[in-house]
Amino acid sequence: MAKQKLKELVINGDWCKGCGICIKFCPTQVLELDRQDRCIAVRPEDCICCKMCELRCPDLAIEVITEKGEGGDHEK
Amino acid sequence: MAIKDYLRQRFFPHIWCPGCGHGIVLSSLLHAVEELGLAKNDIVMTSGIGCSARISGYVDFHSLHTLHGRALAFATGVKLAKPALNLLVPMGDGDALAIGGNHFIHAARRNINITAIVMNNRIYGMTGGQFSPLSGCGKRATTAPFLTIDQEFDVVKLAKAAGASFVARSTTYHAKESTLYLKKAIMHKGFSVVEILSQCPTHYGRKNKEGDAPDMLELYKDTTAKLGSKALEKNPDLIPRGIFVEEERGEYCEEYDKLVDKAMGGAR
Ligand code: SF4
Ligand code: SF4
Ligand code: SF4
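Protein sequence lines correspond, in order, to chains W and U. In this note's numbering, each residue carries its 1-based index in the first sequence increased by 28. In this note's numbering, each residue carries its 1-based index in the second sequence increased by 113.
Pulled out of the complex, with its shape left as it was, chain W reads as follows (with noise of 0.2 Å):
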């Protein structure tokens, strides 16, 4: 599959309840904790758009915005 170019990971505050499973599964580590357990995008430049992070969160709270089309499978 071609490469995705990440353009944004919207993460909404509001919703996110901290459960830490987009963090514990990001194969490359991008996401993290802040000091109110509210997910935060500390290193988006590593992000590879397997959108893992954004099926699995139980809150519906991330959204993986690609410059075009849809991101990798990293799931297996």
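If you are wondering where the hints come from, they were derived from the structure by calculation, not from laboratory data. Fair warning: there could be bad hints in the mix.
[What the hints assert, rightly or not] Computed list of lysine to any residue pairs in SDA-like fashion (alpha-carbon distance at most 25 Å, straight line):
| no. | chain 1 | residue 1 | chain 2 | residue 2 |
| --- | --- | --- | --- | --- |
| 1 | W | K52 | U | K339 |
| 2 | W | K52 | U | P327 |
| 3 | W | K52 | U | K322 |
| 4 | U | K322 | W | L61 |
| 5 | U | K117 | W | V38 |
| 6 | U | K117 | W | E95 |
| 7 | U | K289 | W | R71 |
| 8 | U | K339 | W | C78 |
| 9 | W | K35 | U | M114 |
| 10 | U | K117 | W | E60 |
| 11 | W | K31 | U | I116 |
| 12 | W | K52 | U | R319 |
| 13 | U | K117 | W | T94 |
| 14 | U | K289 | W | G41 |
| 15 | U | K334 | W | P55 |
| 16 | U | K289 | W | D74 |
| 17 | U | K322 | W | F53 |
Since chain W is already given, all that's left is putting chain U with the ligands on it; use the hints.
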């Protein structure tokens, strides 16, 4: 359309606990609907009672939040009245297979074109962590302080035996896979069942020392394997994921239509 456009955003953040798997099932379902390009007005979601059943309040489809265990009965009525609509019926494990067990097997037997989603967290979450018919043996619950002695249902085997013409299983860890199976289930003509193992960190996880939500997802990764995989062959104790049944069989609404035609002697 974006996923958010399928939500009733005014009810967010939702009521589910931090890390609850039901939110991931909601997300997978919306991704499936979005990828299929279904119109909101063509979808009806019915739900019963329990943490799981709150889901129908969050989607911007036609929705019916009904009685405990009866979501499929209501869905059957809607489908027979308006066969063109897509019926999505997410249920908890207790809702689907204890209180609603009879509705479940008979909807499967009739092969009515409805998509049933069993959000299996193996416990009654809303009422405080009582064990369910999906808990299985040796599990701790509020009503089983000395561990359960009850065997659990195997949702896949039960659905298959009852006559469901599409049966699949995945987990919240495998969100992409769940989305794929949900898409296939929605497109399938007949009664489809997708079981999604879904973590309840608040009750099941805490009582059974499975850790927090990320730990429970990790367990889904480690204790399941794809149908036909080497891993499953080597270790049959793993829970199989995949599509177990996918077959064509007479669909109930269509059969009913044929019957009406016959009874009317072509006068319709
Ligand atoms: S899209 Fe993938 S790589 Fe990017 S932040 Fe999400 S999980 Fe990490
Ligand atoms: S998965 Fe969602 S709710 Fe959990 S920490 Fe990440 S953004 Fe927040
Ligand atoms: S009690 Fe369990 S199932 Fe209910 S919302 Fe909380 S984590 Fe989810």
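Please name the hints from earlier in the document that this structure breaks, with their numbers sorted from lowest to highest.
-> Of the numbered hints, all hold.
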